[in-house]
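Trainee: Produce the entire structure from the sequences given, and follow the hints as far as they go.
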Amino acid sequence: DAKTTQPNSMESNEEEPVHLPCNHSTISGTDYIHWYRQLPSQGPEYVIHGLTSNVNNRMASLAIAEDRKSSTLILHRATLRDAAVYYCILKTQGGSEKLVFGKGTKLTVNP
Amino acid sequence: GAGVSQSPSNKVTEKGKDVELRCDPISGHTALYWYRQSLGQGLEFLIYFQGNSAPDKSGLPSDRFSAERTGGSVSTLTIQRTQQEDSAVYLCASSAFPLQVADTQYFGPGTRLTVL
Chain A
1 DAKTTQPNSM ESNEEEPVHL PCNHSTISGT DYIHWYRQLP SQGPEYVIHG
51 LTSNVNNRMA SLAIAEDRKS STLILHRATL RDAAVYYCIL KTQGGSEKLV
101 FGKGTKLTVN P
Chain B
112 GAGVSQSPSN KVTEKGKDVE LRCDPISGHT ALYWYRQSLG QGLEFLIYFQ
162 GNSAPDKSGL PSDRFSAERT GGSVSTLTIQ RTQQEDSAVY LCASSAFPLQ
212 VADTQYFGPG TRLTVL
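Protein sequences appear in the order of chains A and B. End of the first sequence sits at 111 in the numbering used here; the numbers just go up one at a time, nothing left out. End of the second sequence sits at 227 in the numbering used here; the numbers just go up one at a time, nothing left out.
Incorrect hints may have been included.
Stated by the list, open to error - Result set (DSS-like, lysine-lysine): computed pairs, CA atoms no more than 30 Å apart in a straight line:
id : chain 1 : residue 1 : chain 2 : residue 2
1  : A       : Lys3      : B       : Lys168
2  : A       : Lys106    : B       : Lys122
3  : B       : Lys126    : B       : Lys168
4  : A       : Lys103    : B       : Lys122
5  : B       : Lys168    : A       : Lys103
6  : B       : Lys126    : A       : Lys103
Said to hold, decoys possible - Coverage of chain A stretches by chain B, computed from C-beta distances (three or more under 8 Å per stretch; other residues unrestricted):
id : region
7  : 45-51
8  : 88-94
Derived from the structure by calculation, the hints contain no laboratory data. Since the structure is predicted, the reported quantities are computational estimates derived from the model, not experimental observations. Glycine included, C-beta positions come from ideal geometry on N, C-alpha and C.
Mentor: See the structure below:
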């Protein structure tokens, strides 16, 4: 599976937008970009995924660069409950079903 | 509906003892995964069950680790002769469409294992 690179940590203020970057320069044409997050003392939870086009759901938006070598998870208004470790994961069509987690980005939200 | 449940939530054991960790996946999910999360190693895959297929055991760290899934539902992860380095949070996940690249995995709360 292609690798992803994320900043170790980021900080945000409550009710401000947060942009969490992910680099995946070796992404292949059949790789989907998935984001999961892990709240303190909980298992990971799915956030969003995409292939080429930008995606929106009730939790977040995913902006994918035109060359697909990077993507950004956007939380439009951070809340204290959004404090978590965010993982950017690539999954290959026809590849392994398991998730390969990197170290992720620890997001701190300040009140 | 009910999510993935795991038991016990915490387990403290002595080095050398065997432990069993249980996972109840979401009803109807054909795929079940075990991961573990330790301070030094992050989240790592252990084993994957899909329907009646042979499990993918490629992530099991040693032959002290084994898992079974009975009746396509409940799974038990067994660690024999536990070592201190086995201390970690063991996470179970399930999914409905594992062969689809857009498939979502749903995780349980984990079992925190401490080996003294």
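Trainee: With a cut-off of 30 Å on the C-alpha distance, tell me whether Lys126 (chain B) and Lys168 (chain B) pass.
Mentor: Roughly 24 Å between the alpha carbons, so the hint for Lys126 (chain B) and Lys168 (chain B) holds.
Trainee: With a cut-off of 30 Å on the C-alpha distance, tell me whether Lys168 (chain B) and Lys103 (chain A) pass.
Mentor: holds, 23 Å
Trainee: Between Lys126 (chain B) and Lys103 (chain A), is the straight-line Cα distance small enough, at 30 Å or below?
Mentor: Within the cut-off at roughly 29 Å; holds.
Trainee: Mind checking, does the region 88-94 of chain A have 3 or more residues with a CB under 8 Å from chain B?
Mentor: Coverage by chain B holds for the region 88-94 of chain A (4 residues, Cβ < 8 Å).
Trainee: For the pair supplied as a hint, Lys106 (chain A) and Lys122 (chain B), confirm whether the alpha-carbon distance does not exceed 30 Å.
Mentor: holds, 27 Å
Trainee: Are 3 or more residues of the region 45-51 of chain A near chain B, judged by a Cβ distance of less than 8 Å?
Mentor: It holds: at least three residues are needed, and the region 45-51 of chain A offers 3 whose Cβ sits within less than 8 Å of chain B.
Trainee: So if I understand the rule, the pair passes when the alpha-carbon distance is 30 Å or less; does Lys103 (chain A) with Lys122 (chain B) pass?
Mentor: holds, 25 Å
Trainee: Sort out whether Lys168 (chain B) lies within 30 Å of Lys3 (chain A), counting only the CA atoms.
Mentor: holds, 22 Å
When each numbered hint is compared with the structure, no violation occurs for any of them.
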